[in-house]
Each structure stands twice: as C-alpha cells, then as structure tokens.
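Q: Now for the letters of each chain:
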Amino acid sequence: MANSEDNGVANAGEAIAVEPVVTDLPGHQLVLGADEPLRLASGQLLGPFTVAYQTYGTLNAEKSNAILVCHALTGDQYVSEPHPVTGRAGWWSGVVGAGLTIDTDDYFVICVNVLGGCMGTAGPKDINPKTGTPFGLDFPVITITDMVAAQKRVVEHLGIEKLFAVIGGSMGAMQTLEWASRYPEMVFCAIPIAGAARHSAQNIAFHEVGRQAIMADPSWHGGDYYSQDTGPRRGLSVARMAAHITYLSDSALHTKFGRNLQDRQAITFGFDADFQIESYLRHQGSTFVERFDANSYLYITRAMDYFDMAAEYGDNLPAAFKNSQVRFCLVSFTSDWLFPTSESRQIVYALNAVAASVSFVEIETESGHDAFLLEEPEFHRILAGFLRGAAEQRGLNGKAATP
Amino acid sequence: MNRLDSMNGSRIRVDQKLIADMITPGSRVLDVGCGDGVLLDLLVAEKRVDGRGIELSQEGVNTCVSHGLAVVQGDAETDLNNYPDDAFNFVILSQTLPAIYDVKGVLREMLRIGRYAVVSFPNFGYWRVRTGLLLSGRSPVSSNLPHAWYESPNIRFFTLTDFVGLLDELELNAQQIITIDRRDQAQSRQQIGIWTNLLTEQAVFLIGRS
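So the sequence lines, in the order shown, correspond to chains A and B. Under my numbering, the first residue of the first sequence carries the number 1, and numbering increases by one thereafter. Under my numbering, the first residue of the second sequence carries the number 1, and numbering increases by one thereafter.
Worth flagging that the hints you see were computed from the coordinates, not collected in a lab. Some hints could be false.
As the list claims (entries may be wrong) - A few chain A residues that don't get close to chain B, going by computed Cβ distances all over 10 Å:
(1) Ala34
(2) Ser93
(3) Met215
(4) Leu253
(5) Thr255
(6) Gln276
(7) Val289
As the list claims (entries may be wrong) - Residues of chain B clear of chain A, computed beta-carbon distances all greater than 12 Å:
(8) Glu46
(9) Asp168
(10) Arg189
(11) Ser210
Said to hold, decoys possible - Facing chain A, from chain B, some residues (calculated, C-beta under 8 Å):
(12) Arg52
(13) Gln58
(14) Val61
(15) Asn62
(16) His67
(17) Leu69
(18) Val71
(19) Val72
(20) Asn82
Think of the CB as a built atom: it goes at the ideal place given N, C-alpha and C, for glycine as much as any other residue.
Sequences and hints are given; from them, build the entire structure.
A: Take a look at the structure:
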C-alpha cells in the first residue's frame, strides 16, 4: 500500500469516506456507515460508503422468506437478469428465478455487490472526497468479514431479523460460512458451495500470479490509471485467463477443446492462437476487462487470500461454529481442484465436532470449480430438496405469505 | 409435499420399525449407514427427532439430502471420532455391523457420542443359514443376506449368541433385545438361549453404557 499520510486518506480514528457511487445500473443503492462507520478487519473505519444490491421476489409479511445469495470473485448482484454491461444472462439465472431451484415465487432473494467491488458498491475506482480523485490503492484493504458486515447492514436495513438462507459458491461460500459463524442468530440455514474455511497456499499462489500480471502492465500506473486513456487491460486479461483455467478441469478442457485448431487446418509455426483453447481464453480475458475494474480484482482476490476462519480461534475451526443452530448444507464437486472436496470435508468435520446439523454432498461432474454456475441437475435437485426440508422446519408454506 | 410420500419408493423394514419404537420422541439421533434415509425420515416425521445421518454411498447421501435430511457422506469406521461426547441420545446402526471392520471400535464410539446404541443385524445362527451351508455346501444367500459371497459388503459373519458374548466382553448393557423370526414376528427377550439363536432371523439391540 502506498503511504497514506499525504494522500488525503483518513488518519487512524477518522472514518474513510467514499463519495456516493453514482451509476445508472439497475437495482438498489444504499449509503451506509454515515452515523456509525464500519470497523474494518484492518482496524480502519469506513463510512459513509455506498452499497449496491439487487432483489428478486417478494418479502413476505413475516419477513421470513429472505435468501441472501453471495456472489463469487468476479460475480455481482445481477444474479437472475441480463447483465447491464454485457447483456449476458445473470450468473445464476439457471438457479434463481420463478419456478427454478431457488424459486422467486416463494423466496425473496437478495444479492449485494461486495465491498471493494465495481458494480455500484464502494471500491477502489470510487472518489475519495478528500482528494476528489479515485482511491486506487488508497482504498482500504477489505476482508470477507468486512464484506459480510456490510451485507448485514443491508439485511437490517430491509428489516429482516433472520435470513431463511445464506448461499454462495467459491468466495460466496466463504461469505456464507462467515455469516453462519459471525451472525448465527440471523441465519436459519447456510449453503456453502465449492468453498473452504481458508484460502489454500495454491489458491493464494494463483491469485498472486493474477495480481502480478495486472501490476506488471505499464498501464496500471501503480493503481492510478483512472485518469489515463486506458487501464491495465492486458494485465487484467492475463489474470482472468490464468484464473479461468483454475475454474475448469483437465478433462473438461479436453472434452471441450482437445487439441482442436482455431479456424485453421494446420499449426502456423507462430504465436497466433492456433488452438481453440487459446482463442477461448483470449476471449474470456478480453470480455472480462469490459466489465471489471483491475484494482477491484486486486482487492477482492486479497480478501479471499486473507480468509482463514480458524485463525482467530487458535486454529481450532470447530470453535468458529460453537453451539451453532444453523442448518448447514455443503456441496463440493469431484473435479474441482481449486476448492477440492477435502476442503469442504474439513468444514464438515468441524461442524460434526460441535454437533451442528450438517448435510454434505459431493457431486460427480467433470466441470471443475465452475460446476456451481452450470447446469448440474443432481446439484440442483439436492439444493431444492434441502431448501424444501429447511422451509418445512422454518414453517414456510411454500408460497410467500400474502397478507 | 410430504417427505414420507416422496420416499415411498423404499419400504420400511421390520427391524427399522422396531428401532423406531425404541427411540424417544424429540431426541437427538444419529443413523450410521442410513442408506437412502427411510428410517431417518420416519424418525424425523413421526418422532420429531433431531436426526442426522452418515452414509458411505454417494447415491444414498444425495437421495437423503434431496429429501431434506441432514446427512453427510462419511465412513462409520473413521468419521465417528469427529463427534463430541454425548452429542446424541441414540446412535443407530441398522444392518451395517456385518460390514464393519473394527466392530469393537465402532461400538465404543457409538456409545461415546450417544447415550444409547441401537444395533440391528442378521443372525448367522439362524437355522436356515446353518442348514443352507450344511446341505448345499455353499455360502448362504437369503432375503437378509442377499449378496453372493464375492460381492457382499459383509465381512463379519456372527450369530446372536456371538453378539451377546461381545457385549459381555465389552461390559456393555443390553437394555432391550428383540428377535425377529422368518414371519417377521418380533419378540422381546431377556436372554438368548440355544433355541432363540436357532429361530431368530435378525435381531435389534438397545445397548446402554456399562
């Protein structure tokens, strides 16, 4: 982090304000922390700051049918509608919607753009009122705990005392676990999918490669690229390409691309994208930079790296869930090597150790980590069944209560 | 949809019914080797228990969880030690004991994490099993022992009398013994004699700590 003394960043004890984020994006925005700043894990105070969120379905009269969906690293609050920037279907539009697994006819679904993000919630690209310029790397470092603390304020703003469910995959699973651990009285059931209670050394390593790709791009300008003609597009693109490989699996890549050539009959003895897989990754990289801020990518990957639930309990993970009344359902995928089944199993063991109510399934698939985003009928069947059982226990009668 | 309706593909076995009768309503129950969750579902629906399950087969786990049961994929031999002492009132092992390698260890763990263990198993001392082996000279296959020898998950072949002997050795207390004959007639027993061992096709034990 750059020295903040003379950069107009608040001194200790003074809250870091973020100028309200102005967007014409669909959904809701809320300014939080004006009266009571948010104490970040770093010790800094944040407020006021903007949080953007989207909702689907109707909150019932008892406010008991709310499901908080936590998005992953490069996701956002547009769960179940066309993305306002790319126009592509929402990242979980196959799961959340009317008549779908998370049925918006029954449930009120909330998704909050994470702190540090770039879709309407305060992040490094937003304006520091003290300087009148974007924060860049002067934005405070955010943790998963901070993201969840901000979400909690949104949930409270909506008047919801207890969420029926918190659910998310990957980084969304981290947030889900954090919710269940830190605010168990506000969570009826928690569904962490393809997650872990801590970020592994291998995963930190991959993130570091991505960050170095961004920071090695001359257009990054030490994070202060917002006034320039262009940002670190190549760096961010490479970061995305490298990360994208980790979301898939060897067998999925082989099945989808093999060694097939891209629009040509023979290799060219050059460095064009001869292979389909190269062309595919380049496409993934170049479309990503259109919708994502490179500094946000630095901040959010860092938040995941810092995630280690057991750390504050003397490395005793069960203590993070002591006396938990939350009903857990963990899901992992056989070909996920980024968040392998063993990570979920560690959480299951910890939950068993405190005799928490836990279900755990491993889904057979070759789709790798990304499986939670894809059409996986067995996964959706189990998700629906778990939610149905939990709804029964919660006394939700299926349809949102109509007063 | 009623959960029981949705699970009507599998019928409740007679031993499962007898086990359910032993379980106190509203208690905390762990079903080890819960299969497709029929017993657990019955206990949750009718006895209002706080029910959990462990099942080795992924297929069974998926079926259970998709019916709203709290079941994890796991192995009785290795995973019971993750649970704290006295986590449950009852720990059930129905028809799974013959497939257990460390029988003593699993029984001890069951009675560490649960106040009571409930165990049901097929009786190898049943006269049809004995005569089958004697007359045909081949390993018995029956409705209770449906697998051929080369694909059976069962690695422990023991009789009712054997099991009573094990409980004695472990100084464990059979609070209740119910024997089941070939007509599914159940009978409560105080002790197991030669004839009972001969006529019992399967048995259910409610076991307390020593």
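Q: For B/Glu46, is the shortest CB-to-CB distance to chain A above 12 Å, so the non-interface label stands?
A: Fine: 14 Å to the nearest Cβ keeps B/Glu46 off the interface.
Q: Is the Cβ of A/Gln276 more than 10 Å away from each Cβ in chain B?
A: holds (33 Å)
Q: Using Cβ atoms only, decide whether B/His67 comes closer than 8 Å to chain A, and label the hint accordingly.
A: holds (6 Å)
Q: Please settle this one: A/Val289 was flagged as non-interface, so is its CB more than 10 Å from every CB on chain B?
A: At about 39 Å from chain B, A/Val289 clears the 10 Å cut-off, so the statement holds.
Q: Using the nearest Cβ pair, does B/Asn82 come within less than 8 Å of chain A?
A: holds (4 Å)
Q: Verify that the Cβ of A/Met215 lies farther than 10 Å from every Cβ atom of chain B, and report whether the claim holds or is violated.
A: Check passes; 42 Å lies beyond 10 Å.
Q: Holds or violated: is the Cβ of A/Leu253 farther than 10 Å from all Cβ atoms of chain B?
A: About 24 Å separates A/Leu253 from the closest Cβ of chain B, which puts it past 10 Å; holds.
Q: Checking the smallest CB distance to chain A, is B/Ser210 really beyond 12 Å?
A: holds (23 Å)
Q: Does the nearest C-beta of chain A fall within a distance shorter than 8 Å of the C-beta of B/Val71?
A: holds (6 Å)
Q: Take a quick look at B/Arg189 and tell me if its Cβ sits farther than 12 Å from every Cβ on chain A, holds or violated.
A: holds (33 Å)
Q: For A/Thr255, which was marked as not at the interface, is the minimum beta-carbon distance to chain B over 10 Å?
A: holds (22 Å)
Q: Would the least Cβ to Cβ distance between A/Ala34 and chain B come out above 10 Å?
A: holds (42 Å)
Hint compliance for this structure: no hint is broken.
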